[in-house]
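Enquirer: If you want the building blocks of each chain, they are given just below.
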Amino acid sequence: MTKRTIIPFGPQHPVLPEPVHLELAVEDGKVVEAIPSVGFIHRGLEKLVEKKDFFDFVFVAERICGICSFIHGMTYCMVIEEIMKLEVPDRAQYLRLVWSELSRLHSHLLWLGLMADAFGFESLFMHCWRLREKILDIIEETTGGRVIFGSCKVGGVRKDISADTLDRIVKVLHEYEREIKEITDVFIADGSVKHRMSGVGVLSKEDAYHLGAVGPTARGSGVDFDMRKLRYGAYKNISFAPVLETAGDCYSRCHVRIRELFQSIDLIDQAARKIPAGPLEIKVSGFPEGEFFARTEQPRGEVIYYAKANGTKFLQRLRVRTPTFANIPALVKILQGCDVADVPVLILTIDPCISCTER
Amino acid sequence: MIEEQKSIGVTPAELVEKVQVLFNDGWRLVQIGCTRLENGLELNYSFDKHYQFFNLKVAVALSNPEVPSISPVYWSAFIYENETQDLFGIKFPGLVLDYKGSFYKTSVKNPFNSCSEQINIKDIKKDLAL
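Chains as they are written, first to last, in this note's numbering: chain G, 1 to 359; chain C, 360 to 489.
Just chain C, with the same shape it has in the complex:
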């Protein structure tokens, strides 16, 4: 094991309050990432303090993909939230610098907001041969 990684789940409504506590306690925002699950989206907010890793998990419903922005607390979060907004279509009300979907110039809107296509390996080999 490289390092212990603690992770807890929070609701979108609790998020900003929890993040403010971490900020006041001197934690550094490491990254925000998103995963498309079968029935929703999962956001990971990762923090570090003295090489300790801590993660907040937020489940987001597909019907209302909206999570309050933490950029008023961690200004640097704007870059991760704009990325997530463009790739997954989650809205972040309160975002301090909102690119409104133009942060990434993708040809497809929200390209990562689709479930994994479990393609058969034979199909891939066939594609590669072509």
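So here's chain G without its partners, still in its complex pose:
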């Protein structure tokens, strides 16, 4: 009879410096069951809406995550704008798109670096983060911040990007495109990298769908699901199709993120060519009353902001369902049957953000 051993993984682990714990039941070096555990640093930020003016809460929403901060702030603004029936000016919508895609670029480059580090390719990790720094420089130039942008507000945006700057950014991004291709070709073609990820941690299309997987985790399994297809904001004026891979393994999830890098550059290019002149914001008066679920696409997948407002300056409820939270059941499925040695790499392929999860 095979002996079952329980191996604790985390909440402190060299590969994942964020607190998530997994209880791994192992038989003959294979994981047969994984029980996830989060909640070590739950911050209760959702409860803060009861004491913080709805207009100012965008600053808290942005601080839910240090990577996809802008999209958190933007989605919060969207749910309030929807409840208050505010028409955000077109120029603000395009600028939100540009900053969203810059967020995706820096998040995916960060993930590629972490992935390279996880399988022991340190020079590749450094190149990925070198390129990420260039994206952060653009973000800093246009918003003044590198992590927290602070450029989104209820009713529009706080900052503008001049036409000249936007043209230069697009030109620079196309130059980076060549460098990004050079680096990502290593992930796609290098034999050792491919060997580490191909056929490992397979998530079928059916499982991805029924387990509620989102983002590159779902699209890597062939699930055609990208919230940008809701055509929110300026996405309604941009030509776009979700990036899909079908193998469902680590390599597929990695490949989706790589292809999305080039897609984001293309979306910024399209936005720069179509952005209209006009105001950056509309005046907001009164208090929200009603409820709505705003859904957008973060680098890790669909994020949901639910707000219920009662006509006062404080919201009655704000609920944030983050993509990592939605991907945990899929992660449990991916881990079943894998080698113990593959566990850190498999966890990384859902691009977990525990900061978001512990909102």
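Taking lysine to aspartate or glutamate and the DMTMM-like style, the derived pairs with C-alpha atoms no more than 25 Å apart in a straight line are:
#	chain 1	residue 1	chain 2	residue 2
1	G	Lys153	C	Glu363
2	C	Lys365	G	Glu87
3	G	Lys333	C	Asp457
4	G	Lys51	C	Glu397
5	C	Lys468	G	Glu18
6	G	Lys313	C	Glu397
7	C	Lys408	G	Glu245
8	C	Lys377	G	Glu206
9	G	Lys274	C	Glu362
10	G	Lys333	C	Asp384
11	G	Lys47	C	Glu425
12	C	Lys464	G	Glu33
13	C	Lys450	G	Glu23
14	G	Lys159	G	Glu133
Now the stretches of chain G that chain C is said to cover, found in silico as 3 or more residues with beta-carbon under 8 Å:
#	region
15	38 to 50
16	306 to 318
17	322 to 336
The set of hints was computed from the structure by calculation and includes no laboratory data.
Remember, it's a predicted structure, so these values are computed and weren't measured experimentally.
Where a beta carbon is used, it is the ideal one built from N, C-alpha and C, also for glycine.
Following the hints, position chain C against chain G.
Expert: Coordinates of chain C only, in the frame set by chain G:
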């Protein structure tokens, strides 16, 4: 309007049956969330199919905060139900993976199960100044 969002109310007794119908029809569970109202709790079960959003609302009495688990239908629901159990104190009989209140390590039991404190903004400014 970003998207049309249809929402209907169901009783706790009807919930699992309605959810099974949605599952059989190919809907994806998007999230389960809870709101503390003045006289009770309100659960939102959100689903998506081909980018259509659908929501089931369940009113829960404070005297008996119990709703049957939908995790036997949607396995992934265990994560949302454990979260709601820990933050709001609702019990979900039939939960396939029950952490029994240890999913979130909070210093206060059921921290979200209290009504909004409508604090005066002047008090907040005073607090911030401190």
